[in-house]
Amino acid sequence: MNAEQREAIARRAVERSRADQTEVRVSFSDESLTRFTHGISNQNVAADDVTISIRAIVNGRTGVAISNDPGDTAVDALLAQALDMASFAPSDPLVPVLPAGGPTRAPAGCYVEATAACDPAARAAIADAILTRAEREQYWCAGYVSTSSAGTTIANSSGALASFDGTDAQVNVKATAPDSTGFAEHYTVDVRELDGSEAGARAADLARASAHPRVVEPGQWTVILEPPAFGELLTYLLAHFSAQNFSDGSSFCSDGLDRSYFDEHLTMGDDYSHPLAPSMPFDYEGQPKSKVALVDAGVVRNIVTDSYYAKKLGRPDTGHALPAPNAYGPQPLNVVVAPGTQSTQDLIANTKRGLLISRFWYIRTVDQKRAIVTGMTRDGTFLIENGKIAGGVRNMRFNQSIVEALGAVEFSNAQKRTGQYYSLVVPAAKLERFTFTSTTDF
Amino acid sequence: MEFEALGRRALDTASARGAHYADVRFENVRSERIEVRNGVVASLADGQSRGYGIRALVDGAWGFAASSDLTDAGLDRTAARAVAIARASAAIARERFGEVPPRAYVDRYETPLVRDPRTIPLGERVALLLQAEKLVHAGERIAVGRAWLDLWRTEKFFYSTIGSAIEQTIVQTGSGVQAMAVGDGDVQTRTFPGDIGLYKSGGWEIVEEAALTQNAQRIGEEATALLGAPQCPSGSFDIILGGSQVSLQIHESCGHPAELDRVMGWEANFSGTSFLEVSQLDKLRYGSPVVTIVVDNTLPSGMATCGYDDEGTKSGTSDIVRDGVLRGYEMSNDTARAIGRTSNACVRAQSWEFVPMIRMCNLNLLPGDLPFDGLFDGVRDGIYMEGNRSWSIDDRRLNFQFGCQIGWEIKNGKRGRMLKNPTYAGVTPQFWNGCDAIADLASWNAWGTPNCGKGEPMQSGRTTQAASPARFRQVSVGVGYQ
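Residue numbers (this note's numbering), protein chains in the order written: chain A, 1 to 442; chain B, 1 to 482.
Hints were generated in silico from the structure; no laboratory data involved.
Some hints here could point you the wrong way.
Derived pair list, reagent style DMTMM-like, types lysine to aspartate or glutamate, alpha-carbon separation capped at 25 Å [unchecked claim]: (1) Lys312(A) x Asp186(B); (2) Lys291(A) x Glu264(A); (3) Lys134(B) x Asp92(A); (4) Lys420(B) x Glu198(A); (5) Lys416(A) x Asp263(A); (6) Lys420(B) x Asp255(A); (7) Lys416(A) x Glu264(A).
Chain B on its own, in the form it takes in the complex (with noise of 0.2 Å):
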């Protein structure tokens, strides 16, 4: 392995400063960035970074240390940081809190690959995006036109004083594109696939699958007949939520609050707390039957797919909910082992300058029996909504309210005429149980999230909420506009 002997220096130094368990963790990332907006490439960005964390633990308090700097003497001034920081925890630390993990691992894993996107030639990854952006101007009130590529190769390489050392190569792609038309004193942005595009693991199948050129179009089309479609009505509906806009709701309602840190009050200041207590696992009716959401950091595609996570602990599959019942949490080491339990491998750092933590891994609404035309039976009066634009929930995770771009109205079971800036409201716990239907397996699909906010220093996680379409009974409507 090419930092082993680099780590073996780190965890040596971190040892004799003190340190009762240490381990290390290498990065070396690319990423690349295109943009094209209106005909110009705004952003052809190419980035790399290399570097590595030390997590050491001394009387049961972690410190954390980083640097970019892999000399001998970088390596040897970052352990001793991380063993001093530690130290400084420990000394105001009320609890003993930190230990060793339970297993040590030797292995590798690669994210599977169809097409390496390194193979696609520059040339051609611009041109599709400019193709694709030309396609969205569908009329002249298109003011701004997007097509975007990223892609993120990580090769991460973990030793720990325990005997873990874990080399992966995690690849990452997304892409898409957006169209924002101006009229009338009003602005209305379509984007496509989804609210952000298509984000999974993978190589350059992913960004076909996207299939942007030959939706470009339509999206502009859309954003244009928005400006003068009739406001979405302000009542109580029921309502049907694309894919990507279901994702983005467990996202929000369920992965957030079910982040095991934010229940014991380690995001309080910031992302803030959780209504799932501890005292309601196993009891709290989360949700309706037909809902159950699981942690599955195997998930073929999934943006949280590895093989192992950044404490060294092995991917896996877990319930959250399960049947509509609260039954767990993402959790760490160090968590899990305070409500008894091991840790389900949902710890990641956002690059290797930062501390590895909590994290909404996938997290995934499993698929129902209907198909999607079927969730539309049986609504008399109702909203078909997609593609979300905007999202606000307090501080516990109960109080939310979702804007999507883009609605449809439903009358006795048909889409009827499309509806501008539809937005709804809710309780998270009344709303779920409110679900009553959620779309099969054909609609469901890994809807990957680039940029998730969480912790201090902030960190942006990528993570995947694989979902179908699904249906909800009697919800606030119109909120934002009355």
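Isolated chain A (complex conformation) (with noise of 0.2 Å):
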């Protein structure tokens, strides 16, 4: 479904709404993906689907009613049905102004036809490249191919009118050798970027590197992340940012902005323009997202807003709402990091002693407030030892505040785009503290 077609549902839903505010969201969604392990592919998958999302307004009570049927005769029932849910909730005096939108560009690049079009051969290909790959080194693998299209249409009473159109695709591999493993990932909107023999030959070497790991005491360590692992421990800090928590006192800085959290190193935001992960250039109540400064040189400066919590905190609205309804609050969904000078190979260089970590797995927030999560290290973790490699480690959990760890930062001067769920653009991070409690046997 076209953005052309979008946009005539979400107007003519607009128009024949009697609430006294109305948000209609049309989206489409074509995603297929080829999963793989030792010689089979054990998920190979494609779905196709249309949402439409009606929001109500009446006197200040909301209702939301969800279908995936775009008829005319559905969505006149679905306008009924959001209209008359809302007569159920109390009136809420913070619900706003629904925003009137504005001129949006999407980012360079975004849609790429090739990536739309992928058929499952061309999937099938470049997962037989990696297991080819994996075949050479006498490894077995486990991974997937996927590519997708996307659009999304914000329309609104207030005269918003915006749509969007999105491709991506990626490539994620593990391989395992006899007692290590290692892996590689690949995020891009171009399906044609996508090098499955690469891929493969990168997880392999990982694992082969890692081979034959070491035990090392848990405690305080130097370590040095790759995008991936930061990525990963960055995403539990992002609700942080977020109005709603700000606002509940539950954020590390809740109590304050424009003070200095972190070391002088981290600069931070969110953007949905950078060439690395072009996205949505608004939120899903139509507002234009606005490029946020997080964090400066250290300092929090900002938070992300949506129209509620632009509006109970008398802040701008940055455009960061999530899809209708939502309980989460606005979220920063594009954060970027800045990169710094030394590459990362400069910075193992100038680790007397240390860990370099490729991945983690399964973090979770153990102490909201202090933003202390614990997780396990995955998929290629090495010994720094006078600067150099000195081989692999076992695995190993860690306790740690991610406010505390960041108050000691380096980063590499290249970024990468990571995170299956969120979008992040980072630079491997060189963090001077950081706790390991525990150790495993493989």
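Using the hints, build the complex out of the two chains.
So, in structure tokens, the structure goes:
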């Protein structure tokens, strides 16, 4: 379903609505994924769908009705349903006037026809190249190749009308050697950039390099986190920059903005237009997204808002609303961390004793206010001694406040896109103090 | 059946395109979410989604395609897409793995309901949550109160080329309340019932069982009290875990590692693998002799209870751990055949647009013979913990760490003062071998989880781990705050 078709549905619904305020979201997605393990494709799937979501507001009362039937009759019924539901909610004085929108421009290169049109044979060919590379090493591997296209249109009774179409392509592979593992990932908008053989080789190289892992003692270590590991860790800090968490008092920075919480090397923002991860230029209320400086040289400068929290806190609407209904508040979904000046190799060379970590697994929040998280290393962890990689180490569990860890940090000079569910553009990070609490026998 | 003719068309098209076997699953899903947050209805949403997914088997390889386009052209296009995908799978397969399911069924199943949630007026549903959430605000330090309700009604119509025609209506219901207290640079949260609310298959009776308004104020008071409670100590202690926490412990340390697809490496790049290797079957002492864990997809009120799984296999019961020894896995047709067994109907898809895969279903720890209070006898110096707050386990499901919302010290068999931030950690078989007592049927509950993640594309599964409180000896406590 193209933008013109989506806009026709959305416009018609807004025009026919009897609510005080109406917001209509029409989305289309076509997603395919070829998953493989050992010598087979264990999940090879494709699905297309449409979503029509209507938010009706009457006297400060809000109802949301959602369906996947785009027909006129069904959309009319959905309008009536949303209106009916709204009558059961108590009036909320903070319900805002819906954003009027404004001009937006999709970042260059966010939609690639080759990705949208990619067929199962092409995905299988990339998977086959990975399997072939693993077979050469006599390792086994598991992973996926995915391609997707998606479009979103938002229209509302304040006059907002915005549409966006984008594509996405990913490869992810884990190579398993007798006593070690390695992995590789690649996120892009253009499937033609995915190189199965190269990804397979990177995963295999990591598995080979981390073979015969030794045990190192838990405790406080200097760590260098490759972008996938740093991105995974950072994901658990992002909600702290939501106006909702800030307002609730559960964010580490709820006590105040414009304060230095981090090392001066940390500069971080939300930017939908970064060339490595071009994204939707408006939020799910149709508000144009602002580029938000979250952290500037260690000082927390801003939080992200939507129309509700902009009104509640008296701050500008930064355009970070999630789809209605949203009990999670606005969120920064396109986070970019500024690079440093040294290469990752330089960061390693300047480390007397530390750990190089490829990837984390199963991070969860232990303490909300202090942003303490626990998690495991995975798929390639290395000992650094006297500025050199001294071999693989067995996996370890950490318990660490992310805020405290970012109190002494340096970054590499090369950013990469990472994050399967969040769009992150981050460099490698060297954290001076990082606490491990236990080890494993693998 | 509503979708019979559409199903026949999809299967005929898949067969004509070269599928050796095909099945199609139509679903009509209705989901309602109401959430009250600080006196405001933050979510009042009703969703309806209708579509179908087609599985096709070509040369021993599977393909899956799904669409919401129910026109003849849409059915033909999607069936052809499933076959093309299966053909691509076959082109790169190093071995032939998929086979035709062994048996067809023609049947119907419906979740038994005491009170159909649709008969409860929407205004009444909203009013209950507003009342419960208001009670959560037991003091000035409650920064956030929440109360929520989830209702799901799924109609499934499954047809296959070997003659299956299965119609099912599954109703699942959940609700809960939560208090978040903020003060003195700290945040403390309490949830009721359990960690995430009470989720079961069934109707409005599940909401009534949750008893939200009867417990909301206590939850608010406990959250406030936790702000001033002493920190849980670190060290090696005997611990007693509340039923919902035992449920999550089963989920993470037995349910996921016993998924046979994970054991076979199918989840390696994402969810990981498993220490429960096939070579350990009937040998590994997973836990102490008091530990018996079974799959029971017929369990009344289990979130995964249904007549047939999404491969069309009839629900039943089977052992995973019996008297402490590993005896089985959660299986699909193909994976079961690979180890010389038959499927125990553990295949589910999140909804029509997702491929069916092995999921943790109802996986239950059978109750012991001690009353709950009896667990405390014989604990000289220990901690009682309730309500999960954090959970993490390595990608072979061995090294774990959990945090709970609240704890109490145990001194000489008696529950003492409240403790905040309790955490504990361990290694799965050692931990379960340290389980020496499980509370009896009187405190056994079918704790449901509505959002278990697995697979790529990620699927959210609904599962139950029925459990009662249990006692574990000499566990490492307090690691999260060392």
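Going through the hints against the structure:
1. The suggested pairing of lysine 312(A) with aspartate 186(B) holds, with an alpha-carbon distance near 23 Å, which does not exceed 25 Å.
2. Restraint check for lysine 291(A) and glutamate 264(A): satisfied, since their Cα atoms lie roughly 20 Å apart, inside the 25 Å limit.
3. A distance of roughly 15 Å separates the Cα atoms of lysine 134(B) and aspartate 92(A); the hinted pair therefore holds under the 25 Å criterion.
4. A C-alpha spacing of about 49 Å is found between lysine 420(B) and glutamate 198(A), which places the hinted pair above 25 Å, so the restraint is violated.
5. As the CA atoms of lysine 416(A) and aspartate 263(A) are separated by approximately 21 Å, the hinted pair is consistent with the 25 Å bound.
6. Distance hint between lysine 420(B) and aspartate 255(A) is fulfilled; the C-alpha atoms sit about 22 Å from each other, no more than 25 Å.
7. Among the hinted pairs, lysine 416(A) with glutamate 264(A) is consistent with the structure: their alpha-carbon atoms are about 21 Å apart, no more than 25 Å.
In the structure shown, a violation is registered for the earlier hint numbered 4 alone.
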